[in-house]
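Start counting the sequence shown at 2; every next residue gets the next number (this note's numbering).
I should point out that these hints are in silico values taken from the structure, not numbers from a laboratory. Some hints here could point you the wrong way.
Subject to a maximum C-alpha distance of 20 Å in a straight line, what follows is the list of computed EDC-like cross-link-like pairs (lysine to aspartate or glutamate) [unchecked claim]:
#, residue 1, residue 2
1, 119, 89
2, 119, 70
3, 119, 47
Note that this is a predicted model, so its numbers are computed, not measured.
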Amino acid sequence: HQGVAVGEDQDVDEVAGKILQAVCHEIREAPHHPGLFEQERPQGRDVLHWLRMQSLWVYAPLFVRHNLDSLYLISQLTEQQCEGLASEQHRLGQPDSERESGYGDRIRLVAAVRELRKDRRA
């Protein structure tokens, strides 16, 4: 398996275990990939475009993980739910161009959801 380093002194079981762990990790993470979200969900492309336009792309993996797959669903998020997403994103430490989400992104998320409620697409 690509990405698993194998040393000469490792036994077959140890190497097989590492490969199995790596494959299991890839399988667990695959459903949360924004590219699949965009392809498999009817409104996934709209959601990802909205995130990009709001400079909130850092939240894309969380929107995928939480099945927030339409602008309507996003427009229904409460401020508390937005805070929960922001906290989860911060805990996961998924950087967006070398910075982690902070208060600015949290405020932008809440404000963007409020504005989305006025949008006819939602």
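Hints versus structure:
Restraint check: the Cα-Cα separation between residue 119 and residue 89 comes to about 26 Å, which exceeds 20 Å; the hinted pair is violated. Simply put, residue 119 and residue 70 have alpha-carbon atoms about 18 Å apart, close enough for the 20 Å limit, and the pair holds. Proximity of residue 119 to residue 47 is assessed by CA-CA distance (about 16 Å); at most 20 Å being required, the pair is judged to hold.
The structure fails to meet hint 1 from the earlier list, while all remaining hints are met.
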